[in-house]
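Colleague: Here is what each chain is made of, one letter per residue.
Number of protein chains: 2
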Amino acid sequence: MLTSPANPLLKDLRRAIARGGLTDQGYLVAETFHLLDEALRSNLEVKVALVAESALAAVRDRLGRSSRIRLIVVEDAVFRKAADTESSQGVITLAAPPSWTPDQALCGPGPALVLNGVQDPGNAGAMVRAAEAFGASGVLFVKGTVSPFNPKTLRAAAGSLFRVPFIQGLEVEEARAALDQRGIPVYVTLARGGAAPADADLARKCALVIGSEAHGVSEPLRRGGAGLTIPTAGVESLNAAAAAGIVLYEAQRQRTTAS
Amino acid sequence: MLTSPANPLLKDLRRAIARGGLTDQGYLVAETFHLLDEALRSNLEVKVALVAESALAAVRDRLGRSSRIRLIVVEDAVFRKAADTESSQGVITLAAPPSWTPDQALCGPGPALVLNGVQDPGNAGAMVRAAEAFGASGVLFVKGTVSPFNPKTLRAAAGSLFRVPFIQGLEVEEARAALDQRGIPVYVTLARGGAAPADADLARKCALVIGSEAHGVSEPLRRGGAGLTIPTAGVESLNAAAAAGIVLYEAQRQRTTAS
Chain R
3 MLTSPANPLL KDLRRAIARG GLTDQGYLVA ETFHLLDEAL RSNLEVKVAL VAESALAAVR
63 DRLGRSSRIR LIVVEDAVFR KAADTESSQG VITLAAPPSW TPDQALCGPG PALVLNGVQD
123 PGNAGAMVRA AEAFGASGVL FVKGTVSPFN PKTLRAAAGS LFRVPFIQGL EVEEARAALD
183 QRGIPVYVTL ARGGAAPADA DLARKCALVI GSEAHGVSEP LRRGGAGLTI PTAGVESLNA
243 AAAAGIVLYE AQRQRTTAS
Chain C
3 MLTSPANPLL KDLRRAIARG GLTDQGYLVA ETFHLLDEAL RSNLEVKVAL VAESALAAVR
63 DRLGRSSRIR LIVVEDAVFR KAADTESSQG VITLAAPPSW TPDQALCGPG PALVLNGVQD
123 PGNAGAMVRA AEAFGASGVL FVKGTVSPFN PKTLRAAAGS LFRVPFIQGL EVEEARAALD
183 QRGIPVYVTL ARGGAAPADA DLARKCALVI GSEAHGVSEP LRRGGAGLTI PTAGVESLNA
243 AAAAGIVLYE AQRQRTTAS
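Protein chains in written order, with my numbering: chain R, 3 to 261; chain C, 3 to 261.
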């Protein structure tokens, strides 16, 4: 049992949570029981699960006897210092992040979702969840977007980040080039002035670009892209995750109706 | 200038934020510059704006010279104790809550949105924002749902709670009776087994019920209601705010296409 906050594994974990990314060892930090289940059903390579002493029986029950997952029990007080126990529920899984090629993320049959500066990890995670739900080929996290490995993004994605192909780290010009090279037409969501999604041809292979909550889509992705504006009344904008969900839903509805 | 955390107004404010509701004096707590603007453009009766000393020039700029809003300047350190300054941006507006009748909330032309146990204030706020955006008649906060006056709900609603008719405090059986008495057909969102929203008749006057994130819709509202399930693949569910946004969007799309 770990009883010292100075334990190197716990220190590495705290740093990862603080900076919102992978641990120094290169593992993703998945909080909650649910994400442990999702990591297992998604065949992620689980390195270890850190379990608060008081949550051990529940975790063992959940995993079943045949589980080969390595558990490290952590004294409750020490666990609380490493994590937000309320949101972690006393279990934190460290797992090897999945790895995808740009072709895997961009070239499947559904639309590719491009996150261009989305800041809120809850929004970004909900968008990836909607991307999986509506059959997107994958997700591109353009530089300047919150990390897919931010523990809060992972939590909001509710397991979808373990399955949906995604790539990260491309500059916005590189992202644009990656789409152009593959002949993928680009739709850009705009606060005003674009076509209604129901009037655009979203049944074909395309990329759907969602901009940052404050500044929208940046110029290199806007250039030559077709604008999409969800028809609304009264509000300045929708919540970004709701807007992305609606555009992905509409694309899926058109594909289903067309077939 | 207020320099004491023991000031009765500040104590009242802290209690309202802690319990997620109105102040003892019956005012709603609206954080951020944006919500102050929205309160003014929505003709809310603004009681007072509390302003952190360091934000005073910016608030005065924003309000303009002709403003008659009463400002109370609060020493920065004292302001920080009363609020989460990062999310409040140094300004907190106290305003009289709008008041609506059940008929106003339920009887307009668009669908009535019924929140039946939604727990997360960010989700509830985003749903009200979508309700306004897509022309809902109003929103019913059934007992057991997060308060519309939780400062986090108000923030996520981005001003829509100042304009969309809503009522709160009905028990679930009372909510059901209020809909039945008015002859409003009920659609209930379900994780599985319901009709696709695109195949349901959402162009007619109806109520759309969204259940709690963990337990869905409760029995008295489910009874006799028609089920709606957004067609998804791979995920257990969508983010609740995204799901509500999609159903409201679909209803609006059908009304527009039908007309």
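Honestly, the hints are just simulated from the structure, not real lab data. Hints should not be assumed to be uniformly reliable.
A pair holds if it fits inside one copy or across any two, identical chains being indistinguishable in the list.
[Stated by the list, open to error] Only pairs whose alpha carbons sit at most 25 Å apart, straight line, appear in this in silico SDA-like list of lysine to any residue:
#, residue 1, residue 2
1, Lys-83, Gln-183
2, Lys-83, Ala-20
3, Lys-154, Asp-122
4, Lys-83, Asp-39
Colleague: Of the numbered hints stated previously, which ones are contradicted by the structure, given in increasing order?
Modeller: Of the numbered hints, just 1 does not hold.
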